[in-house]
Structure formats: structure tokens, C-alpha cells
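Asks: Once you have looked at the hints, place chain V on chain Z.
These protein sequence lines are chains Z and V, in that order.
Here the first sequence is numbered in the numbering used here, starting from 1 and rising by one per residue.
Here the second sequence is numbered in the numbering used here, starting from 1 and rising by one per residue.
Possibly wrong hints are sitting among the right ones.
Note that the list lumps identical chains together, so a pair holds whenever it fits in one copy or between two copies.
Below, in silico cross-link-like pairs of lysine-lysine (DSS-like), each with a Cα-Cα straight-line distance of 30 angstroms or less [stated by the list, open to error]:
no., residue 1, residue 2
1, K357, K152
2, K264, K169
3, K365, K35
4, K409, K380
5, K157, K365
6, K35, K264
7, K35, K383
8, K157, K196
9, K365, K169
Simulated from the structure, these hints should not be mistaken for laboratory data.
There are 2 protein chains.
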Amino acid sequence: MSGLSSQPYKGTRDLYPADKRVQNYIFSTWHRISKLYGYEEYGASILEPLEVYAAKSGQELANEQTYSFVDRGGRTVAIRPEMTPTISRMVAARRQELAYPARLYSIANFMRYERPQRGREREFWQLNADVFGDDTVAAEAEIITMGDNIMKEFGAKPDDYVIRINNRKLINFMMAQYLGLDATQAQSMVKLLDRKNKISQQDFTDQATEIFGDQPEVGLVNLEKLLSANSMAELPAEIRDSSSVREIQELFTLLERAGVTSLKFDITLMRGLDYYTGMVFEVFDTDPENNRSLFGGGRYDGLVGLFGAEPISAVGMAPGETTMELFLTIHNLLPAVHSTTKVYVAALGDVAREATKLARELRSKNINTELDVSGRKLDKQIKTALKKDIPYILFIGEAEVASGIYTLKNTASSEEYKLNFDEVIDRINEETK
Amino acid sequence: MSGLSSQPYKGTRDLYPADKRVQNYIFSTWHRISKLYGYEEYGASILEPLEVYAAKSGQELANEQTYSFVDRGGRTVAIRPEMTPTISRMVAARRQELAYPARLYSIANFMRYERPQRGREREFWQLNADVFGDDTVAAEAEIITMGDNIMKEFGAKPDDYVIRINNRKLINFMMAQYLGLDATQAQSMVKLLDRKNKISQQDFTDQATEIFGDQPEVGLVNLEKLLSANSMAELPAEIRDSSSVREIQELFTLLERAGVTSLKFDITLMRGLDYYTGMVFEVFDTDPENNRSLFGGGRYDGLVGLFGAEPISAVGMAPGETTMELFLTIHNLLPAVHSTTKVYVAALGDVAREATKLARELRSKNINTELDVSGRKLDKQIKTALKKDIPYILFIGEAEVASGIYTLKNTASSEEYKLNFDEVIDRINEETK
Chain Z
1 MSGLSSQPYK GTRDLYPADK RVQNYIFSTW HRISKLYGYE EYGASILEPL EVYAAKSGQE
61 LANEQTYSFV DRGGRTVAIR PEMTPTISRM VAARRQELAY PARLYSIANF MRYERPQRGR
121 EREFWQLNAD VFGDDTVAAE AEIITMGDNI MKEFGAKPDD YVIRINNRKL INFMMAQYLG
181 LDATQAQSMV KLLDRKNKIS QQDFTDQATE IFGDQPEVGL VNLEKLLSAN SMAELPAEIR
241 DSSSVREIQE LFTLLERAGV TSLKFDITLM RGLDYYTGMV FEVFDTDPEN NRSLFGGGRY
301 DGLVGLFGAE PISAVGMAPG ETTMELFLTI HNLLPAVHST TKVYVAALGD VAREATKLAR
361 ELRSKNINTE LDVSGRKLDK QIKTALKKDI PYILFIGEAE VASGIYTLKN TASSEEYKLN
421 FDEVIDRINE ETK
Chain V
1 MSGLSSQPYK GTRDLYPADK RVQNYIFSTW HRISKLYGYE EYGASILEPL EVYAAKSGQE
61 LANEQTYSFV DRGGRTVAIR PEMTPTISRM VAARRQELAY PARLYSIANF MRYERPQRGR
121 EREFWQLNAD VFGDDTVAAE AEIITMGDNI MKEFGAKPDD YVIRINNRKL INFMMAQYLG
181 LDATQAQSMV KLLDRKNKIS QQDFTDQATE IFGDQPEVGL VNLEKLLSAN SMAELPAEIR
241 DSSSVREIQE LFTLLERAGV TSLKFDITLM RGLDYYTGMV FEVFDTDPEN NRSLFGGGRY
301 DGLVGLFGAE PISAVGMAPG ETTMELFLTI HNLLPAVHST TKVYVAALGD VAREATKLAR
361 ELRSKNINTE LDVSGRKLDK QIKTALKKDI PYILFIGEAE VASGIYTLKN TASSEEYKLN
421 FDEVIDRINE ETK
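If we strip away everything but chain Z, and leave its shape as in the complex, we get (with noise of 0.2 angstroms):
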């Protein structure tokens, strides 16, 4: 006997079937609401260089996170840690022949290297939808509203989740401007407001304190009143009148006109991958035990130009599975997905030949079947049926085969029907389209 071990590899899931058609609930509201809003489906390789990442994405994110390593041609490559570089990377390599604005998305797998803990897998699938080359606050509005309109598919009620709002531009104004820091420790206090809910507001503090050097006094009280400002009103005059600030607001007046009403404007939203250029949004649960960001996005405009092509500007989300299921869970809002398979014939004696023939009558109807010819005794027959969650079980043996009527069982309800073909195929459509 082999010592070969049974276990997936640590941090990722084996799907078996239960689990994979949850995984294809949420797939398929994906990609009805992309789809919906004229995003067509695009897809890319696992691998990419690792420079691509080490770009744009973060130091953290390059050097810490990534699976990479060198392939047997001596190039460094990495599994994919996220979708926006290579997706900018496919613009710029089709910068002239696209139609813009391009409305593009995938759902795809992605891996980064973390410690696995309850919504955090190493192995993760995500969708990302990106529209490029629309350089109005419409494009934030229109990613915005899809997540939205996601969530509400999901059966998600507007008071579920809050859509938190904020602007790179308005950050870098803030941190110039008005707090008067530099470059490197406008850098810090991005990092630090980005932990500011994972961390005690003794911390908070005293790292703030270190980031505004010699004389802190003034800078502390500045960086206070910003952080108590809960919306665009509160914020001081000379920040609320900026044309960062005016697009906020814009897209707040864009987005209650298409219903989207769990919105709030949220200062202290920095979003941790450096590529941001403007508009940023996080999408939060709102249950107070479990809140917990659910995904984001934002404005990207400098990417596509990193690769040799003429910049374009591009906004994008990317709503991740494991994190989505877990906010379905909670709010119990997971249907029951039951088999795909629609009937499972059972063989009784020696009527192989006769089932397989009723089996492919069966499926010629477009009714997924199941076919069992084992022979085994009825009991364990059902029971496999049940097992597996189909609704329908269909019983032919000698009998059958002469009258031409069979039983068929609603595995749910125990009832039994006897049954001429055509009506089993009517039954079976009626009760699981």
C-alpha cells in the first residue's frame, strides 16, 4: 500500500458534487448579470511573468503571495494571484483592433500563498468585470450598479451589505493638501488607514503619531476630523469642495437613479493594490458578526499603458466565490441545488438490454438519466438514487418491459405513478423544469 495521501493540497477544496453545484449557483448569477449588462466572457493562462505583478500590484502581493518559480525554459513565471493585469495585458496587445468602450469578464481561478482560514482559501475563483476605455464617473456607475444588481439577485436585501465609496484622487489631495505629509509618508498613512479596523485605536494613534514626524499636534487633529466625518456634508470645506469630492458625488447621484441605495462615502477606503487612479468601492456585509469586506473595485486608468500600448482607462470589480458564499450562507440565502440528473433507471432482473433501450429513449427527450444495470437489489438501488439526490427514480423489469407502464418514484415524496413512456417524460419535465 502507497503512503500517497488522499487530502487536496493545503488551502484549496475538493469540490464533489454538492459542493460544486453551489459553486455553479453562484457561477451562473455571475455570469447571468455580466452578461445582462453586454460584458462578453474572456479568458486567459494560469501563468503569467511574475514582473507583470511586481509592476503594479503591491510588494506584498509580488513578493510574499504568489506561487512562482522558474518553468524548465528559464523564465520566472507565477500562478495568477488576480485577473487585472492580464486582462490589461490583452488590451494593450489589441489596443488598435478593439471596440470600445470593451466590456469584458472572466470567472477564473487564482492562487496566492496566505495562512487558509474561514473565507480565505490559497486557491480562490473570482469574477472580475472591467469595461475599458470609458473615462466618465458612467463606468464607475455601471461596475457599481452590477455588483449591486448581483447582490440583489443573490436575494440579498439592500439593508445585507453597504457599498463604501472613496477616491484615490480624494486620498492623495487629502494627504498632500491637508494633512501636509510627502510622498513616502502619505504611503504609510495609506497602509495604515487600510488596517485602521484590524488594529486597536491606541495603535491607530501612535503609528499615526510616527508618521507625522516632529510635531504631530496639528496633523492628529486634521487626520481626526476627516476620519469623523461620515458623510461628503461633514468633511471640512476646503476637502468638500474639491473636484474629486464633485465626482463623488456625481456617481452617488448616478447610482440612486438606478437603485442602487446601499451606498455610503467612506474616507478611510484606501483598497490595497497600488494600480487604483481614481474611484475605489468595497462591498461590506452588514451583519454585525460577520462584517467582513465581500468584494471591490475601482479605477485603474494607468495599466494597460505598462505594456507598450497607448494608456487606456479601465474600471473594473472582481466579487470572489468563497467570500460570496459564505455572505449567502450567513443570510440564508443558498437555495437547495439538487442533481443535475433528472431520473435514475433502475434495472430489476434480467431486463439489461431493455433499460439501456429506455435509458437513450429517455435522454433522446433532452431528460438526464441515469442508468443502472448492476442488477444489485432494489433497496440498494434506491438507495444510491437517494444518495445522489435525483428526483426521480424509474423501475423497469420484466413486467414493464411486457406492459409498456412503469413506476416511477418521487425520490422527495415517496409517491409512485404508473406510467405509460410519454407520461413519465411529461411527469419528469413538469416537476424538475
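Replies: Coordinates of chain V only, in the frame set by chain Z:
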């Protein structure tokens, strides 16, 4: 300007929407037929411990073709080059809980470090369909029938392809009993037969002579007798009467009953992978310009047992996307696949607000709608919709807002219709369903 390349990783493809639609057409056919036979979808991580492949897949695959590396935790892992070891591991992990026969399928990506060429890429996608826990030849019959059904579903005629069938037990019997080869010689002969169509007749004879050793004459004559048999009936009597030939005959009977006619017994069919233990099959294109292998499969009863579980029988197949697409292209079977977007709403003038509302209403009727509120010139918007292969453009300007009558343009026929909202919905649904 950075020097980042916009090209995909060597041997992989970027799938732009038009490419992805073709892939989705192939995938959706695979999904449909797999479900039709009661197979349920599963999923797994792209990473496995390298040793999983070293055990049974064959040395070439494990040592020379895997993308393997040491992760940050010191584990030696590989990007999966195939699915069979993974699904065997998954079955082993739930050996007791699963219901048998277990019918499982996946559509997944794989990587192999090979020289990229037409019909072969370093990253590729496969359908894997496997049945676990059926010891009878009915399992092989079902898997091969599904493979045949997939070919027919794609529009292939029975003459377009041939399913070649052999049996590993017959190969073993023939090597030991009929050709008198020991284990080492037999292994060399299997590899030689596997390469038979890729080398010259002279090279084949030379290498066979070498394998037979000191007195090759009898062996060569017997080998020639085997290779000249075009059917089971033409086999030497002592082989024709073996239990494995009877099993192949039984399989042919079941397949013919199921309507599978593109069958050929082929005693030289070996299949490269080490883990096969019984029936093997391979589907070939019969086009003389392209008589390549399309896909194959077989019985591998020993694999689940490698993962510390009680052994269980298994039969599977793995059609690949790249070869399938090539087959469909060569035989002119690829249908035109249009954009998933049904209508492009073009706003003319200062009607962004009303156009957004109109798009929202179209989406509420489940019509996939792209919205352009850029205010660009009419011809530019039309060009965009045409480039994206969207079947309809709906124009909205101030006159349309006032009258509620819109102009709907069919992009293929260039016909234009003046319609109210309900008529727009009806026409789009009618022509794109």
C-alpha cells in the same frame, strides 16, 4: 515606458470574446452530454503533490512534462497535467460515503511542458468523465457511447471518425503467452507499438528484432501475424479464444446495440499512460490530412487504491478542447457563435438619463443590453456594435424620448424598424432566441 510584454505565456492562448465563444460552444456540448448520462460535475485545485503523477502516470509525464516546483512551505507540487489521479484521490478520500456507481465529470485546465504545436498547447482544457465502481463491460460501453454521442452532437458523421479499441489484458497475454516476452521486453514492445505510426517500417522491424533478442525469427513472424489482423476474427486462434478477446466482443455487441458504429478493433492500440488495466480506446479523425488522435480513455482499476483506500474499479475518458476545435474546424462543423449581448443602446444627444432607464428596462426583461452613453457620433457607435457582433442597435435621442417610438436596427440585415418598447422586446426575443 516599461518593457512588459503584452504576449501570453509561451504555449498558452489569450481567449478574446470571439475565441471564448468557440470554447464555450465546445464546453456547453460537453456539459450537456455529460449531464444527459447522469454524470455530475466536480472540481479540484490545479495543484497536486508531484508524487501523485510519479506513481502511475508514466515517467515522461511526471519527470519531463510537469510544471513542478517547491512551494513556500517546502512541498513539491505540480500544476496538474491530467485529471485521473486527482479524481481517483477524491474518490479514495470519500471511499465509504460516495454512492456507486459514481458518475463524475469535470471541465478543467491542465499544463504540460511540451513543444507547442498545432493542436497542442502547454495549457489545455479537457472534459474528464469517469465511472467508479462498475466492474462490468457496461461501464466501458457507457463511456464510449458518451464519447460517440459527443462526436455526433458536434455534427460529426460516423465516417468522420473511428473509435479504436484494445485491451491491456489482451496486450499482456499476447506479450507473454504468444510472443514469449518477459516483463522488460514486453514493456519495450508496448512503447514500440505505441510509436509504430510515427516511425518507418524499417525502424520498427529493427527495434522489434532487438527486443526479441538472440533468436528473433519466430517472434517476428508471430508479431507480423498479429499486426496483420484487421479484426478479431483474423487473430490467431489461441488469441481469438482468450477471455480478453471475448470481453472486447461483448463490448462491441453493447456498443452496436447503443447505435455506435464507428468501431474498429486495433491490437496495436496501446495508450501511453501506465495506469490502464483493461479496455483502452482512442478516437481518431479519419480525414487523411488530419488522421490524429482526438481523445481516448480506458479502464484503470488500480488508481484509487494508491491513496490508502480499498481499490475500486474505474473507467474514464478525456476529450481535449484544442484537438476538438481543430477537428470541428477541419470538418467545417463550427457554427457561427454570436455575441451574448442582444442589443446595443446608442444614446444620441443629451439623453444619458433616459437611455440608462431604457437599458434598465430592457435588462428587467432579461435582454442582455450594452449601453453607450458616451455621446459619440452615430457612425462611431454603430461601428462599435458591429465590431462586437451584436445583433441589434436601439437608438434613443430626444425625439424617441418624446414619442416612445424607437429605431431598432438589425446589424446583419441593416433593416430598421420603428417600434414601441414592447415591440422592441418581442422582436429581439423572437430573432435571437
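Asks: All hints, please: hold or fail.
Replies: Do the hints match the structure? See the list:
no.: 1; hint: K357 with K152; verdict: between (45 angstroms within a copy, 18 angstroms between copies)
no.: 2; hint: K264 with K169; verdict: within (18 angstroms within a copy, 69 angstroms between copies)
no.: 3; hint: K365 with K35; verdict: both (29 angstroms within a copy, 13 angstroms between copies)
no.: 4; hint: K409 with K380; verdict: within (15 angstroms within a copy, 59 angstroms between copies)
no.: 5; hint: K157 with K365; verdict: between (39 angstroms within a copy, 21 angstroms between copies)
no.: 6; hint: K35 with K264; verdict: within (27 angstroms within a copy, 44 angstroms between copies)
no.: 7; hint: K35 with K383; verdict: between (40 angstroms within a copy, 20 angstroms between copies)
no.: 8; hint: K157 with K196; verdict: within (27 angstroms within a copy, 65 angstroms between copies)
no.: 9; hint: K365 with K169; verdict: neither (59 angstroms within a copy, 38 angstroms between copies)
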